[in-house]
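Put chain F on the given structure of chain Y with help from the hints.
As you go down the protein sequences, you meet chains Y and F in turn. Each residue of the first sequence is one higher than the one before, starting from 540 at the first, in this note's numbering. Each residue of the second sequence is one higher than the one before, starting from 122 at the first, in this note's numbering.
It is possible that some hints are incorrect.
Said to hold, decoys possible - Reference listing, derived: stretches of chain Y covered by chain F, where coverage requires no fewer than 3 residues with Cβ under 8 Å from a Cβ of chain F:
1. 742 to 750
2. 753 to 765
3. 804 to 814
4. 838 to 848
5. 863 to 869
6. 931 to 939
7. 954 to 968
Stated by the list, open to error - Here are the simulated lysine to any residue pairs, SDA-like style, with alpha carbons at most 20 Å apart:
8. K762/Y - L217/F
9. K222/F - S888/Y
10. K759/Y - I978/Y
11. K887/Y - D218/F
12. K222/F - T758/Y
13. K762/Y - E889/Y
14. K821/Y - P164/F
15. K884/Y - K222/F
16. K884/Y - L209/F
17. K220/F - V893/Y
18. K604/Y - P164/F
19. K887/Y - L221/F
20. K884/Y - R212/F
21. K762/Y - P133/F
22. K222/F - N890/Y
23. K183/F - N1001/Y
24. K884/Y - G207/F
25. K654/Y - E954/Y
26. K615/Y - W627/Y
27. K222/F - Q891/Y
28. K220/F - L755/Y
29. K706/Y - G649/Y
30. K604/Y - F678/Y
31. K598/Y - G628/Y
32. K183/F - D927/Y
33. K931/Y - F728/Y
34. K759/Y - Y216/F
To be verified - Stretch-level coverage of chain F by chain Y, calculated; a stretch enters the list once three of its residues show a Cβ under 8 Å from a Cβ in chain Y:
35. 139 to 150
36. 153 to 159
37. 165 to 175
38. 182 to 193
39. 202 to 215
It is worth saying that the hints were derived from the structure and are not from the lab. Since we're looking at a predicted model, the values are computed, not measured. Ideal Cβ placement from N, Cα and C applies to all residues, glycine included.
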Amino acid sequence: MSKKATTVNPAPAHDDVVVAEKFQMSDMLHKEDWLSIWGAFIIIAIASIGVISGAFAFKAGSFGKWGDADSGSFLKFFNGSETCLSTWGGILLTLIALIVIFAVSNQLMGKNIAKYAVSFLALFALTCLVRLISSQVTFSKYLEYAFWALILGLVISNLLKVPDWLKPAIQTEFYIKTGLVLMGASVLFSNIQKFGLYGLGIAWAVTPVVIIFMWLLGTKYLKMENKRMVMTIAAATSVCGTSAAIATAAACKAKKTDLTFAVGISLIFTVLMMVGMPLFCKVVALDPMVGGAWIGGTVDSTGAVVLAGNALGELAGQVAALVKMIQNILIGFVAFAVAVFFTTKVDKSENQTVGASEIWHRFPKFILGFLGASLFFSFVFQNTIGVDATAKILSDIKEFQTWCFALAFTCIGLETNFKEMADQFQGGKPFVLYITGQIFNLVLTFVVAWLLLSGRIFPIPNITV
Amino acid sequence: MKKETSPRPSTPMRVVCAAGVILFVIAVFVAVYMMANNMGQVPGIDFGPGQYYYTDIPGWQKYFLPDHYDNPVPLGILIILFFAWGVLMYRLWTYLDQKLK
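So that you can see chain Y by itself, here it is in the shape it has in the complex (with noise of 0.2 Å):
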């Protein structure tokens, strides 16, 4: 029988993806999913002899905030003086780093080095561009760099032409892999019992039916033959916003343009939620632990939902920190899930019978790897060197995590072209998708957390602040 994906969803050509082909142990080798993950590896295992022996930081670095009277002008980065070197070094330490890497990998999976490297060099040139715009004061809160680094890529694709030269260096998928492991060090399954049942119960009951639903809207009822964009789109909407749609569209293969779409939606409707719902719920008189809650559970950016929650007082802000801190455990479980998911059911023909050994050959094995980072980190590094020290070296991985989406994001964006983006609209079914898969959030989400926190049913706990 054959094993071709349906021509419906099929999963995007490329030819570093470990599915067309049966497993190997070179694999392990030459291939992108598996050289992301041991890439990944050796950045966490420097960082943590670094934190662990005291002998030095193994820290990428990155711009400080300008833009006004307090932090100055973006000068300072180029004048000499001792911001600028200290800046520039650590800017230096992450692309000799990254390019290393990087380019020993090409060289495994058998491409041109001398190449890549000369192309990688130009792309993290721009990717610093897009780092530095991002910095800027106001941006920074409100702006994440992926939306500069789209932006950027965007412009320069479309206006202008990407030189061939350029191409060898844009690699989306292997340096969202990368990140994504490098992030996995950072999901603590541990946080699970931080705020008990209660959490649990907030975070985790909701989730997975937001997601139900907004598949079943979005196949079903809408009628949207790219699933790969419903599924990328309900992964952001009811767990964390970007990082769980950059997971999720790697787990089952999105488009470019899906985790695009995904990533614009949530990135405007999480400024409007963050301002909106403290507002609505001074407005009510919401009691702050539900209000918290309800933030925690709905609003996507991390960085929001404290803000949001802090703007309810402090009880709000730390139980809103202690539901998001939960919605960001579930970013790989929903991305094994949504891979399964897809070898089994999507990416499948039809009344074709798919066993375990053909599950392990298709599944994108660098969820292996964001797993086994968050699992070794939450069981045996936090017990053995100390949740400090964990902190530390989870503090120093953080930047190469950063500077890994944002070099991917450049290379969306480089990749994408408008007519493309449009060919995606739909007619407007992704909006419709995600306002309705949000107001769904937002009401369910609030349910629960007052069914769990007023006090009616269960006793309200004792969160000292």
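Showing chain F alone in chain Y's frame:
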């Protein structure tokens, strides 16, 4: 192979989609207005939606590391409940996906 083409959407569906697009356009303008006027900020907090993941937040340890709730339920029970609900929902998802055409 014959290329798959989308069926022409019904009139109610086109109205729903048009409403979705209008709502989104309004949302974009409102969001830009909110950002331009620095709305939603809280004194003492120097971050926002731009920090989409928890480790992006400056000083994230302050919000996410300390224990703010004395959880009486053993971790094992929470893990069992977590996976039980996950498996149940996955089965419901696959069942409904097959059942509803």
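Evaluated hints:
no.: 1; hint: 742 to 750; verdict: holds (count 5)
no.: 2; hint: 753 to 765; verdict: holds (count 7)
no.: 3; hint: 804 to 814; verdict: holds (count 9)
no.: 4; hint: 838 to 848; verdict: holds (count 8)
no.: 5; hint: 863 to 869; verdict: holds (count 3)
no.: 6; hint: 931 to 939; verdict: holds (count 3)
no.: 7; hint: 954 to 968; verdict: holds (count 4)
no.: 8; hint: K762/Y - L217/F; verdict: 15 Å, holds
no.: 9; hint: K222/F - S888/Y; verdict: 16 Å, holds
no.: 10; hint: K759/Y - I978/Y; verdict: 18 Å, holds
no.: 11; hint: K887/Y - D218/F; verdict: 14 Å, holds
no.: 12; hint: K222/F - T758/Y; verdict: 9 Å, holds
no.: 13; hint: K762/Y - E889/Y; verdict: 18 Å, holds
no.: 14; hint: K821/Y - P164/F; verdict: 17 Å, holds
no.: 15; hint: K884/Y - K222/F; verdict: 14 Å, holds
no.: 16; hint: K884/Y - L209/F; verdict: 17 Å, holds
no.: 17; hint: K220/F - V893/Y; verdict: 19 Å, holds
no.: 18; hint: K604/Y - P164/F; verdict: 17 Å, holds
no.: 19; hint: K887/Y - L221/F; verdict: 18 Å, holds
no.: 20; hint: K884/Y - R212/F; verdict: 12 Å, holds
no.: 21; hint: K762/Y - P133/F; verdict: 13 Å, holds
no.: 22; hint: K222/F - N890/Y; verdict: 15 Å, holds
no.: 23; hint: K183/F - N1001/Y; verdict: 19 Å, holds
no.: 24; hint: K884/Y - G207/F; verdict: 17 Å, holds
no.: 25; hint: K654/Y - E954/Y; verdict: 18 Å, holds
no.: 26; hint: K615/Y - W627/Y; verdict: 11 Å, holds
no.: 27; hint: K222/F - Q891/Y; verdict: 18 Å, holds
no.: 28; hint: K220/F - L755/Y; verdict: 11 Å, holds
no.: 29; hint: K706/Y - G649/Y; verdict: 16 Å, holds
no.: 30; hint: K604/Y - F678/Y; verdict: 10 Å, holds
no.: 31; hint: K598/Y - G628/Y; verdict: 11 Å, holds
no.: 32; hint: K183/F - D927/Y; verdict: 11 Å, holds
no.: 33; hint: K931/Y - F728/Y; verdict: 17 Å, holds
no.: 34; hint: K759/Y - Y216/F; verdict: 13 Å, holds
no.: 35; hint: 139 to 150; verdict: holds (count 8)
no.: 36; hint: 153 to 159; verdict: holds (count 3)
no.: 37; hint: 165 to 175; verdict: holds (count 10)
no.: 38; hint: 182 to 193; verdict: holds (count 10)
no.: 39; hint: 202 to 215; verdict: holds (count 9)
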